[in-house]
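**Student:** If you read the protein sequences in the order shown, they are chains A, B and C.
To convert, note that position 64 of the first sequence is 64 in full-length UniProt numbering; the numbers rise steadily by one, no gaps.
To convert, note that position 10 of the second sequence is 10 in full-length UniProt numbering; the numbers rise steadily by one, no gaps.
To convert, note that position 105 of the third sequence is 105 in full-length UniProt numbering; the numbers rise steadily by one, no gaps.
None of these hints come from the bench; they were simulated from the model.
Hints are supplied without guarantee of correctness; some may be wrong.
As the list claims (entries may be wrong) - These stretches of chain A come out as covered by chain C in the derived footprint (C-beta under 8 Å, 3 or more residues):
#1 196-209
#2 296-306
#3 320-331
Stated by the list, open to error - Some chain C residues well away from chain A (every beta-carbon gap over 10 Å; in silico):
#4 E37
#5 R40
#6 T42
#7 G50
Stated by the list, open to error - The following label-pair restraints were derived from C-beta to C-beta distances:
#8 B:S200 to A:G134: 55 to 63 Å
#9 B:G99 to A:S49: 53 to 61 Å
#10 C:G50 to A:R720: 38 to 46 Å
#11 C:G50 to B:M29: 33 to 41 Å
#12 B:G188 to A:R283: 56 to 64 Å
#13 C:G50 to A:Q832: 25 to 33 Å
#14 A:L823 to C:V49: 25 to 33 Å
#15 B:R105 to A:I759: 31 to 39 Å
Only a predicted model underlies this, so the values are computations on that prediction, with no experimental measurement involved.
Built from N, CA and C at the ideal position, the CB exists for glycine as well.
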Amino acid sequence: MTEPLLDPRLQRDLDRIWSPEPGWRGVLTNVNHTDIGKRFMIAAVVYFSVAGLLAMLIRAQLASPRSAFVGPEIYGQIFTMHGTLMMFMFAIPMFEGLALYLLPKMLGSRDMAFPRIGAYGWWCYVFGGAMLLGSMLVGKAPDGGWFMYTPLSSRTYTPGINADIWLLGATFVEISAICAAVEIAVTVLKLRAPGMSLVRMPLFAWYMLATSLMMVFGFPPLILGSVLLEVERAFGWPFFDPTRGGDSLLWQHLFWLFGHPEVYIIFLPAAGVVSTILPVMARTRIVGYGWIVASIFALAILSFGLWVHHMFTVGIPHMALAFFSVASTLVAVPTAVQLFAWIATLWQGRPELKLPMLYLLGMFSVFVMGGLTGVMLAIVPFNWQAHDTAFVTAHLHYVLIGGFVFPILAGIVHWLPHVTGRARIPRLGEAAFWLIFLGFHATFLLMHLVGLMGMRRRIDTYDAAAGWTAINLLSSVGAFVMAFGFALFLADCVLQRVVNRRSGQSPWGGTTLEWATAVPPRSYNFASLPAVSSRDPLMDEPRMAVRLARGGGYLAATRYGWRETLGVDTTTGRILQIVVLPGSSALPILLAGATGSFFLFMLAGLYGLTPLSLVLVVAISWRWAWTTGSTSEHGELPAGLGSSVPPHFETQDTPGWWASIFTLSANGTFLASLIFGFAFLWVVAPGWPPPACLGPIGTETAIAILASTAGSASLAVARRMVQRGSLGNAIRLGAAAAAGMGVALVAVAAIAFGGTLPIVTDHAYAAVAAALLAYVAMHLALAALMLAYGTARIGTGYVSPRRSHELAIIGQWTHYATATTLLILVILFLAQSCR
Amino acid sequence: MAVLLVLAGCGGDVSTLDPAGPSATSIAMMWSVMLIGATFITIVVLSLLALGFRRSVVPRRIPESLWLGYGAIGIVSVALIALLIYGFLVGGGQRPIGGPATTIRATAQQWHWHFSYEARAPTGAVLVMPVGHPVTVEVTATDVIHGFWIPRLGGKVDAIPGHVNRLRLQADRPGRFVGLCAEFCGTGHRDHSFTAIALSPADWRAFMDGASLEALGHD
Amino acid sequence: MRTVLAIAGAWLVWAFVLAAMYALHGMACAPGGEADEGRRITMFWSLMVGIWAAAVLAALLMLWILWRGPSQWPGGVSRKVVAGSWVAALAAMLLTGVPVLFPQACG
Ligand code: HEM
Ligand SMILES: [Cu+2]
Ligand SMILES: [Cu+2]
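Bound conformation, chain A alone (with noise of 0.2 Å):
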């Protein structure tokens, strides 16, 4: 057997503490990253084939001319579900699956930073995707096109609960994205190998920094326009209602503020996998990996300059247009230099068309060709004729399927054999290969040329006389083969599963450290942690699985039970603590169930019973975090190879701290986003000014400010109590510092029903100002929760003047609350004299 010698003891040990739960009960409580990942990946390939099935639907309508297969009605929401389920089911989550899976492997970890969040997002994200398939079933299905555009999409024009299942579930599975996205900037950037600096890390590992980053920033937008209209749809407040000052250009705006991002935020994984994969089977080394890491910045953030260019036609002035016309075509740039890497990285290798390859090789012909045809859109004139049609229909599946399907699925047929253990089955791989990519072409190839015929997109059905019959039965029949490739290629991979041989600890010859972990994985991983001392470890040292299987690495025994792993420098990768992380639990099941149970009770129209789920996740919230730390001091901890370093919970530069300042950072987009919102309404939108505006604010905005200000500085306070261990003082001043936030809190709720702000659902700018209200309030309120829970932890004896991470973190809370009630109470302070 391939199996390296072990050993026996501290495999035993290992298996004990990192082995899910048996049977059912493991099922629910199990977080571990390796089966999450898997889970997320099966469930994106389930999302994947009911939406290529509804592709088939579309298909089959388009097939011929005047088909009477379905109505309009029932086409709309096929294809609202068909983006929307790739979109957010598939695409997003596939590529997180394959994260949460490989990363803590190429990493040297032994799982991820928060492996219970990850369980939550899975678990949030079947809840969600569950609504969506649901809805489907009885016919409610989203029908307004998967980017929602409104008026059509508002109460008046869709009254039936479709638009809001595609609001409440998109939001849910996104919130789960977020989660995805904190856990893995932080994992990269904390829980590397001792050694690996920032330089040294694995592409793969740059591409998913970028991309989680972008998922911090890029997420909230679409997370407020939704709730926003879902506010808009419940109870009235007219955001984006043109007849009483809102905007239906503040939602395009916001979704495309996700949006296009959001493309990005699916190829950079995908190239990810390429970057990763491709040195292996040209048997060389990446060529320009500082011009990579380069140029996967400069898309990241490059994107985010790029939305306005779906908003083309909307009537925003020439030169507005030429910004972004410029900005659009200068991202072809950084994807230029990736591509051009990638060859030259083949000229320097021996490449070897193995199947992998050859699904590289179908990224190249198709991504290429949905990267001209981005450019053509990205040239105004152009965008006039071409938006709206079958060309976009075309480019956009060049790209996707390109850029993000194709290298994913050479990641799978390279990925498999380290999941599976077991070597693949020859011929069936290539079979499925050149139907999907044949068939692929047919579909998509000539629709280009349809759309500029005229054929708009999102149309049910045409006349003969058009003339795009024939390219429309060559786009069907080309998706019929294009499915069935997909069928044989999925085929092979269950068939690989259950009947084939075990394959080789290698069988690539992969050089990055999953494959220095046993084939198949073993819920720990590494039975002892690597230690590297270049960007390809096992190109180094080839039998250092071996030696990791030994216990030659770090921590290489076990203690107190717990799940440990290396926490280091970010950016050096020098040890800085042993991370203790959580086993397994229900709690991420029952806070998803909670979570679930608010978008359930909106979705039913019984808005009453809201507040209930909001006390159940402030509850299970609470007991998670209690969960966690410790009440007595351990000091410097051996963690093998002589070296000796604290556990997180006696450190500051933590896991936790750095989770906190991403959630923030995604908070303050959310709310960043909201003010655009304001000032964007109160300069474009139609019916300005209002008809009221706030009464007097300024003694209630004193208060606040004051009340808040000094909740601050009594935490901050506080913390210093604690470093000098006078606990007693630290838990006065805690509790001051909560009171001073409920105290604001008071004032705020006082601006909100004290008669001074007009009726909300009469115009935009109480409705504006009541939501920047409501923001500022949960922020207080969440604070004054958090330094309860801080005193109550001082109180248990969790926090001593070692062990005072936590407090770092509700201090980031506390401020934060406090300068955004400065920030907001002054903005609408100004706004008071709004006519």
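With the hints as your guide, set chains B and C with the ligands onto chain A.
**Tutor:** Below, chains B and C with the ligands without anything else, positioned relative to chain A:
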């Protein structure tokens, strides 16, 4: 070859490749230019790729800066800047400002169109315009977002409730053109279309003086 | 993380310029207040040019600092990546701002 055959049959009432006005003509031209450029680039990239598998013909080591600096950044940037300039020139010429132009108001609604004029009674769902003379269409909507598009005359602009967008169009020959709603607007989107009629100068003058379309022989 | 910020910073400046120019242009061309439209547009236009120039100067300054190379900056690959990003972002800023040189009001 197959492509050429298909290209030959690119006509039709709504084909942007069979233009009948200056805007649509310049954009169709632009498409041809870009199609040729894109085909060329695709062939170059795929050839470079294929050469990677012919190790005997390619040099083993080419400096990174040649591939990435001069190749990816240099050549690509030059091509892009050229394309951008071309785009600005074509787009700038189509802006709805300056010059004498007739103004026509288009109002979209689920699911019909309504056209009105400055100095004449409205014509319901038929847009009437002069030949060889630019018109500025002021586009708006009263319920949801629609899109105003006459593919053979030029690009499209969205009809957004609460906003008025302007589009400059011109027809080069008299006749009827199909107009379509381009933005998805609900279950009636597919058939949300209208007719544009371009009148000869004499007919146009008569029309503006109040003659009905029937009287001019268009019904 | 500092390296990440230094790389991202280059493009963040670019993103800031783009957003600011778009916002200013939007305000210049907002409906209403037809009376002193000409003055308003000139004012916003000067602001746009000002921001553009300031950002370009900021990028130049950063590059100068990198070129002088104080010791606290990372060396090796990280340094090259940081410097390359700033050069590229500078070029991107110059290019993105070009349309502002053709002041064509709000058509
Ligand atoms: C499996 C092969 C696929 C086929 C045959 C297919 C086919 C189609 C067709 C024909 C449309 C146009 C519907 C219309 O405008 O009437 C469409 C729309 C769309 N597809 Fe696909 N598609 C496939 C895969 C994908 C994938 C992998 C993604 C994304 C990852 C995707 C994302 C979308 C999106 C976002 C839309 C727009 C939906 C809308 O207009 O609201 N598709 N697809
Ligand atoms: Cu319409
Ligand atoms: Cu429509």
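**Student:** Are the hints correct? Go through all of them and say.
**Tutor:** Taking the hints in turn, this is what the structure says about them:
1. Residues of the region 196-209 of chain A with a Cβ under 8 Å from some Cβ of chain C number 3, which satisfies the need for three, so the listed coverage holds.
2. With a threshold of 8 Å between beta carbons, the proposed coverage of the region 296-306 of chain A by chain C holds, since 7 of its residues qualify and at least three are required.
3. Coverage of the region 320-331 of chain A by chain C holds. Counting CB-CB distances below 8 Å, 7 residues qualify, and the rule asks for three or more.
4. The Cβ of E37 (chain C) lies farther than 10 Å from every Cβ of chain A, with a closest approach of about 13 Å, so its non-interface assignment holds.
5. With a closest Cβ-Cβ approach of about 12 Å to chain A, R40 (chain C) is found to remain outside the 10 Å limit, as its non-interface label requires.
6. The claim that T42 (chain C) is not at the interface with chain A holds, since no C-beta of that chain comes within 10 Å of its own (minimum 14 Å).
7. With 10 Å as the threshold on Cβ separation, the claim that G50 (chain C) sits away from chain A holds: the shortest Cβ distance comes to roughly 16 Å.
8. The given range of 55 to 63 Å is respected by S200 (chain B) and G134 (chain A), whose C-beta atoms sit roughly 60 Å from each other.
9. Look at G99 (chain B) against S49 (chain A): about 56 Å separates their beta carbons, and that is inside 53 to 61 Å.
10. Under the hint 38 to 46 Å, the C-beta atoms of G50 (chain C) and R720 (chain A), about 44 Å apart, fit the expected range.
11. Distance hint check for G50 (chain C) and M29 (chain B): the Cβ-Cβ separation is about 38 Å, which falls inside the suggested range of 33 to 41 Å.
12. For the pair G188 (chain B) and R283 (chain A), the supplied restraint of 56 to 64 Å holds, since their beta-carbon distance comes to about 59 Å.
13. A beta carbon spacing of about 30 Å between G50 (chain C) and Q832 (chain A) agrees with the range 25 to 33 Å that was offered as a hint.
14. Distance hint for L823 (chain A) and V49 (chain C): a CB-CB separation of about 29 Å, consistent with the stated range 25 to 33 Å.
15. Hint check: R105 (chain B) to I759 (chain A), Cβ distance near 34 Å, so the stated range 31 to 39 Å holds.
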